[in-house]
Structures are given as C-alpha cells and as structure tokens.
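There are 2 protein chains.
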Amino acid sequence: MRQINVFHSVEVCFTPRLFGDIQTKENYIVALVDILRATTSICAAFENGVQRIIPVATLEAAKSMKEQGFLVASELDGKKLDFADFGNSAFNFTRESVGGKTLVYCTTNGTRALDIARHAEKIAIGAFINLTALTEWLLRQEKNIVILCSGWKNKFCLEDALFAGALAEKLLENPSFCTHCDSAHAAMDLWNVASADLPGYIEKAAHRHRLKKLELDDVIPYSLKLDTTKVVPVFEGKEIRDEQ
Amino acid sequence: MRQINVFHSVEVCFTPRLFGDIQTKENYIVALVDILRATTSICAAFENGVQRIIPVATLEAAKSMKEQGFLVASELDGKKLDFADFGNSAFNFTRESVGGKTLVYCTTNGTRALDIARHAEKIAIGAFINLTALTEWLLRQEKNIVILCSGWKNKFCLEDALFAGALAEKLLENPSFCTHCDSAHAAMDLWNVASADLPGYIEKAAHRHRLKKLELDDVIPYSLKLDTTKVVPVFEGKEIRDEQ
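Sequences listed follow chains A and X, in order.
In this text, residue positions in the first sequence follow our numbering: the first is 1, and each later residue adds one.
In this text, residue positions in the second sequence follow our numbering: the first is 1001, and each later residue adds one.
Hints are not guaranteed to be accurate.
Derived DSSO-like pairs (lysine-lysine); straight-line CA-CA distance at most 27 Å [as the list claims (entries may be wrong)]: (1) X:K1080 to X:K1204; (2) X:K1204 to A:K170; (3) X:K1143 to A:K204; (4) X:K1213 to A:K25; (5) X:K1153 to A:K25; (6) A:K25 to X:K1204; (7) X:K1153 to A:K153; (8) A:K204 to X:K1025.
Computed, partial: chain A to chain X, Cβ under 10 Å [to be verified]: (9) R17; (10) L18; (11) A161; (12) A206.
Far from chain X, by Cβ distances over 10 Å, these chain A residues were calculated [claimed, not checked]: (13) F7; (14) E67; (15) K79; (16) F83; (17) K101; (18) T102; (19) D115; (20) R140; (21) A186; (22) L216; (23) D218; (24) G237; (25) K238.
Note that these hints are calculated values from the structure, not bench results.
Built from N, CA and C at the ideal position, the CB exists for glycine as well.
In isolation and in its complexed conformation, chain A is listed as follows:
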C-alpha cells in the first residue's frame, strides 16, 4: 500500500499587523516570539518554577489583578510601572520570587500578540532559550505552524525574525513540514547570516539600542543563548502553562 504523506506548512509572520494576511487558515498552532523581552521572560519564569502565567492586554486589567492580590509584571515601553511587582526582565523571575506562584503578565507587545493569534488551536511561547524544546513539542502536535513575531510597535524587528528563521529551519529538517512562504525563506537566510555570532549581529538591531538607552540591555546575552531551558509555555484558555 502506498503511503500518503501529509505535509504541514510553516509560515512566518513578521509583525502582528500582518497576521490577518497569513495564508494558513486552519489546523494551526502559533509560535509566538518576542525575544526582547516578553517570550524570553515567560520561559525564564517557567524555568524557575512559576505555576501559571495569566497574560493581560491592558494596564487597567493588570492593576485590577494586583488589587486582587496577584503578583503582577507590567511595563510600558520597556519600563516597569509603579503599581507592579516586576517589569518584564527575565532576571526578575527568580525561583524565590515566582516559584510555585501565579503571575499576571502585562506587556506592550507580547500580550497583544496573544490576543491577535487567539484563533490558533494553541499558542506556544518561543525564545532562543527554549528553541529545541519548542521544536520537539511542535513536531509532536502534527499541525501547521505560524511563527508570529511580536515586532516593535508593529515594525519588523531583527531579533524576532532571526528566531523565526532558526525555528523554521529546525522544523523544515523534518520531511513532514514544507513552506511556500517568502518570509520563512528570508528569515532562514538571515538566521544563517547571523547564527555564527548572534550577539555581534544583534548589535545593529534597533531595539537593542532602545534597551541600552533604558539600561535594560543586561538581559540580552541571556536572551540570545540557545537551549538553556526545556520548558514549553503554552497559552490555552486564559492562561499559560508549561507543556514540556
């Protein structure tokens, strides 16, 4: 009997503004990326034992959750807000501060992207620090994949595009995945230009300079290291839990 191969597609969306134009319309999982800094920080929190993360899209929602007694991470344009317990640096989420707890997480970019991708079957959180674990989890799902870059205020950003390229390349090593997406090809080629010296390449990224100005760039070397954690945070319902 001849075997019928079922291919799953890999598509890259460079900013949330372009999500409405994706060609993948069904049976898909979104891998959400915001390397500097939301998705890296979410992975760090799970690596340090957070029980679950409840993402919220607005400051008002974050404040209201704080009043209800939750631990809250919230920032605006990269700066921690006064009412919050943390900003969104990965370094805030130590085992002492978040281990075993529920964290409410509000961020300029990442949380809004979660909302935009709400029609996906699942939304997985991707970062360089969980690249291989995420790839293996995605392969097990046997679905189409849309890699959604958060970007910066809807603009294309290098660090997210590079991660998209790294992930697309790893997925496409599996013969059951294919792509007809120009953004995926571009992202993979950029990854191949940058991968030998990722921190050196990221020097030219605009957001890297924004963080430096805000003195929030200490987390960049951590954010660019591959595979320091095996967590796979997945958003389902209204919360994110580790599905590693």
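For chain A, the structure is supplied; the task is to place chain X on it using the hints.
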C-alpha cells in the same frame, strides 16, 4: 568653520500594510518597488518612449479611461483584462506600442501602493533595471528615503525585499545617509546572500511560482537584470513622468 552634517534616513517598509508604522514622518521621498511586475514594466515603458503614465487604482477608473480613448494596461491577479490594450508585462510596452503616447496603468499591487504613499513629497519608481539611475536621482534630492515594497496581497515578498536591500546599500555608501531601520538591515543582508545569483535565489520566491503557473514568468530574467535603463519615473500630481 565646523561643517554641520545633515543626515538623511533610509527606511524600508516590507509591505503597504506597514506603511502607517514608518518612523520617517516628514521631508521624505518614497521609492516604490514592485519588481514582478508593475515598477519594472513602468520603467520599460519609459525606456521605450512613453510620454506619461496615468496610474489608476480601480478597474472602473481604467474602463472609464479606455472609453475616453486612452491606451490602457490593466490586469487582475496577473491576468490581462478583456477591455484593456495590455496586461502589465514589460514586454507589452514596445516603442511601437507606447512611444510618444499616454498610458493609463491599473494594477493589483503597484497603483494602490502609490495611493498609500501619497503624503510623500515625491514617489519614484524603482526596479533592478533602473537601480543606479534611481540611486543617483535620490542622492540629488537630499531628502529622507522610504523604500516601499508592494509585496503580494500585503505579504512580504522576496524580490521586492532584495531590491530594497540593493537600493539601501547603494544609498548608504553615501555618508550623508544613515539608517536605524531593522528592515533595511535585513534587506541588505538578504541582498548580499542573493546578489551573486539573483535568478537562482528568486527560484524560491512564491510569486515567481505564481507567475509560472499563469505562464507570465517569461519577463523574470529581464526584471532581474541590473541597470538596463537610465529612466527615473516619478509620480507627481496625478501622473508619472521620467525625471532622469
């Protein structure tokens, strides 16, 4: 006396959908790109002596101009429409057919992008075939530059991004230009990956395969040749004229 250097910025916008998010807000010229095929065809028409091109954004406007006796180029999803004199292949615009004449031009992508960029001081038409002439014209204007890729139905497309990279690189060789735009950096790096064998690289572009399906891909080798014309078509008011 110390000389004050005035820098002009170079920004790349990968699709019209992202144009509202550009950072350049004033004193700018748009270089509009739709390699396959509108901007290449417009350059070809001027190379072959067309006097002026009137772009229109809708089929209804194109039909109405045809009824008024104009030569009309119009297509939908790459196919010539029955009422029109031409589709938008560069090969239609011979000296015999367009020399000395006015051409009305309606296209799925390019003309709508002209409308989106209407707040620019000028809109210049860019293609690989006029790359150097366009660069020299842009340098003479002493303005900020936004390179606007038409994309395919608002999606990122490789051929336009590569041209954006080639143009950005040439502009930035001039010390009075600078960039803080991640899309510009990405486009230049992609151009450097692809430039040694542009036709080979473009094989993986999705739109290249769409044109092949429609048997409209004969124009691709022509579209990827550098500097075969010195025309610089510029949109001002309601028409495009050559400002070489």
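The hints, checked one at a time:
A hinted pair counts as satisfied when its Cα atoms are at most 27 Å apart, and K1080 of chain X with K1204 of chain X qualifies at roughly 25 Å. For the hint pairing K1204 of chain X with K170 of chain A, the CA-to-CA distance comes to about 18 Å; that is within 27 Å, so the pair holds. Between K1143 of chain X and K204 of chain A the CA atoms are separated by roughly 23 Å; this keeps the pair inside 27 Å, and the hint holds. Proximity of K1213 of chain X to K25 of chain A is assessed by CA-CA distance (about 22 Å); at most 27 Å being required, the pair is judged to hold.
For the hint linking K1153 of chain X to K25 of chain A, the alpha-carbon distance of about 15 Å falls within 27 Å, and the restraint holds. The straight-line distance between the Cα atoms of K25 of chain A and K1204 of chain X is roughly 22 Å, inside the 27 Å bound, and the hint therefore holds. Only pairs whose Cα atoms come within 27 Å are accepted, and K1153 of chain X paired with K153 of chain A is accepted, the gap being roughly 21 Å. A hinted pair counts as satisfied when its Cα atoms are at most 27 Å apart, and K204 of chain A with K1025 of chain X qualifies at roughly 22 Å.
Contact between R17 of chain A and chain X, as hinted, is supported at the beta carbon level, the nearest pair being about 6 Å apart and thus within 10 Å. A distance limit of 10 Å between C-beta atoms decides the matter here; for L18 of chain A the minimum to chain X is near 6 Å, and the interface restraint holds. Given hint, A161 of chain A at the interface with chain X, holds; its Cβ is 6 Å from that chain's nearest Cβ, closer than 10 Å. Proximity of A206 of chain A to chain X holds as hinted, the smallest CB-CB distance being about 5 Å (cut-off 10 Å).
Look at F7 of chain A: its CB is around 16 Å from the nearest CB on chain X, clear of 10 Å, so calling it non-interface holds up. Interface exclusion of E67 of chain A from chain X stands, the closest Cβ pair being 34 Å apart, more than 10 Å. The beta carbon of K79 of chain A sits about 20 Å from the closest Cβ of chain X, which is more than 10 Å, so the claim that it is off the interface holds. Against the 10 Å criterion, F83 of chain A stays outside the reach of chain X, whose nearest CB is about 29 Å from its own CB.
With a least beta-carbon separation of about 35 Å from chain X, K101 of chain A lies farther than 10 Å from that chain, consistent with its non-interface assignment. No beta-carbon of chain X comes within 10 Å of the beta-carbon of T102 of chain A; the shortest separation is about 34 Å. The beta carbon of D115 of chain A sits about 18 Å from the closest Cβ of chain X, which is more than 10 Å, so the claim that it is off the interface holds. In this structure R140 of chain A is separated from chain X by more than 10 Å, as the shortest Cβ-Cβ distance comes to about 28 Å.
Not every CB of chain X lies more than 10 Å from the CB of A186 of chain A, the least distance being 6 Å, so the non-interface label is violated. No beta-carbon of chain X is positioned within 10 Å of the beta-carbon of L216 of chain A; the least distance is around 18 Å. With a least CB separation of 21 Å from chain X, D218 of chain A remains clear of the 10 Å interface cut-off, as annotated. Against chain X, the non-interface label of G237 of chain A holds: every CB pair exceeds 10 Å, the least being about 30 Å.
For K238 of chain A, the condition that its CB be more than 10 Å from all CB atoms of chain X holds, with the nearest at approximately 29 Å.
This entry does not satisfy hint 21, going by the numbered hints stated previously; all others are met.
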